Every structure is written in structure tokens, then in C-alpha cells.
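J.: All chains, full assembly: derive it from the sequences and hints.
Here UniProt numbering is used: the first residue of the sequence shown is 1, the next is one more, and so on.
These are calculated hints, taken from the structure and not from any lab test. Each hint should be verified, as a subset may be incorrect.
The following label-pair restraints were derived from C-beta to C-beta distances [to be verified]:
| id | residue 1 | residue 2 | range |
| --- | --- | --- | --- |
| 1 | I99 | H121 | 20 to 26 Å |
| 2 | A75 | I178 | 30 to 36 Å |
| 3 | H121 | L79 | 17 to 23 Å |
| 4 | I163 | A128 | 38 to 44 Å |
| 5 | E77 | I39 | 29 to 35 Å |
| 6 | S157 | L131 | 38 to 44 Å |
If you're wondering where the values come from, they're calculated on a predicted model, not measured in any experiment. Each residue gets a CB set at the ideal place from its N, CA and C atoms; glycine is no exception.
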Amino acid sequence: MTDWLAVRRESNDALPQMLVQAIIIAGVLCICELVSAPIYVRMSGNAFNILPWFLVADLFAVAFTYTVGFILLWAVESLTDRLDIPKILPFVYALAGLIGFAAWGYAVFPAVINAIIVPAHGIALTSAAKLGIGVNCAAAGFVAFFFGAILPSRLASRRTTVIVIGVVTVAFAVLGGIIYGLTISALS
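T.: See the structure below:
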């Protein structure tokens with residue numbers, strides 16, 4: 001029986017695999033939020049600017065990754081640990097990301113957008129817009145978890161690179177939290 005606190009590493013001097021996966025996923029989701037920011041701004045009726053929304057979206061994408069994302073990574077690892085499916089394993093991770101981030105995106109992002117635009121006398125998002133956000137988040141989750149499955153072996157030994165990506169994602173999330181807090185306080 002193995003120790004339940006043992007973590008997988010690519011080598012003895014590499015960072016833990018699941019930590020590297022989560023940091024990669026957070027980084028990819030930040031890039032996806034940058035690409036998606038103009039779409040969300042248009043859906044909101046141009047109620048906010050692209051850069052502040054990008055940072056607010058990063059807050060919730062990074063929060064997802066470092067909480068729910070870790071749970072999804074653990075679940076996929078636990079369910080597939082004894083299976084010999086190396087060629088389809090990235091797609092299993094991607095499917096978990098698709099389902100997880102779609103549900104998160106469908107529930108959280110419209111609520112955040114409506115919390116900003118409705119108090120500012122804007123019109124709440126339609127059901128179609130909410131569904132569009134969910135589909136967009138599904139695609140982002142698929143891509144992020146796919147890269148989270150295929151890149152750790154290449155990046156795990158590059159500690160500085162992984163740490164910089166992790167710090168940047170947390171910095172974006174903190175800036176997003178500040179912007180979101182200032183926005184909500186200005187609207188109340």
C-alpha cells in the first residue's frame with residue numbers, strides 16, 4: 001500500500017505532477033479568457049472594457065483551477081490510475097475539463113456579469129447568452145485540461161518556468177479581485 005500523501009513527480013527534482021498540471025491549466029484558461037473577453041463584453045452590451053473584464057474573468061478561472069480543477073485532476077487520476085490508456089488519457093482529462101468548466105462558466109460568469117450590468121441599469125443576460133458562455137467555457141476547459149495532460153512531462157523539471165506561470169496566474173486573479181471589488185462597491 002502506498003502512502004496517501006505521496007505525490008507523483010516526473011523525476012526526483014521535478015515539481016509534483018498535479019501541481020504542474022493545475023498551473024498549466026490556469027495559464028491556458030487565462031489565455032482563453034483573454035481571447036474570449038471581447039465576446040463577453042459584446043454579450044454584456046459593452047457594459048465594461050475588455051482589460052478589466054479579462055482580469056475579472058481570470059479571477060474566476062484561476063479560482064476554478066486551484067479549487068475545483070484540483071478535484072477534477074484528482075478524480076481523473078484516481079479513476080484512470082490502473083488503466084493502460086496513454087493515447088486517450090489526454091482526452092479523458094479534456095472531457096473532465098469540458099464538463100467542469102462548462103458547469104462553472106454557465107453558473108458563475110453570467111452571475112458575475114449580471115452583478116455588474118444590472119445595478120448599472122443594464123439588461124441582464126439572456127438565456128442564449130448564458131448558454132453561449134457555457135459553450136465557450138466548455139471549449140476553454142477542454143483545451144486547458146488537454147494541455148494540462150500533455151505538457152507536465154515537458155515542464156515539470158523547469159521549476160522557474162512553472163513557478164513564473166503560477167505567480168502570473170495568481171497575480172492576474174488578485175488584480176481581477178481588486179477590480180471586481182472596486183466595481184461592486186462603486187455600484188452599491
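J.: Each hint: holds or not?
T.: Status of the hints after comparison with the structure:
1. I99 x H121: 20 to 26 Å: Because 35 Å falls outside the window, the suggested range is violated.
2. A75 x I178: 30 to 36 Å: 32 Å, holds
3. H121 x L79: 17 to 23 Å: Hint violated: Cβ distance 47 Å, outside 17 to 23 Å.
4. I163 x A128: 38 to 44 Å: 41 Å, holds
5. E77 x I39: 29 to 35 Å: 32 Å, holds
6. S157 x L131: 38 to 44 Å: 42 Å, holds
The structure shown violates the earlier hints numbered 1, 3.
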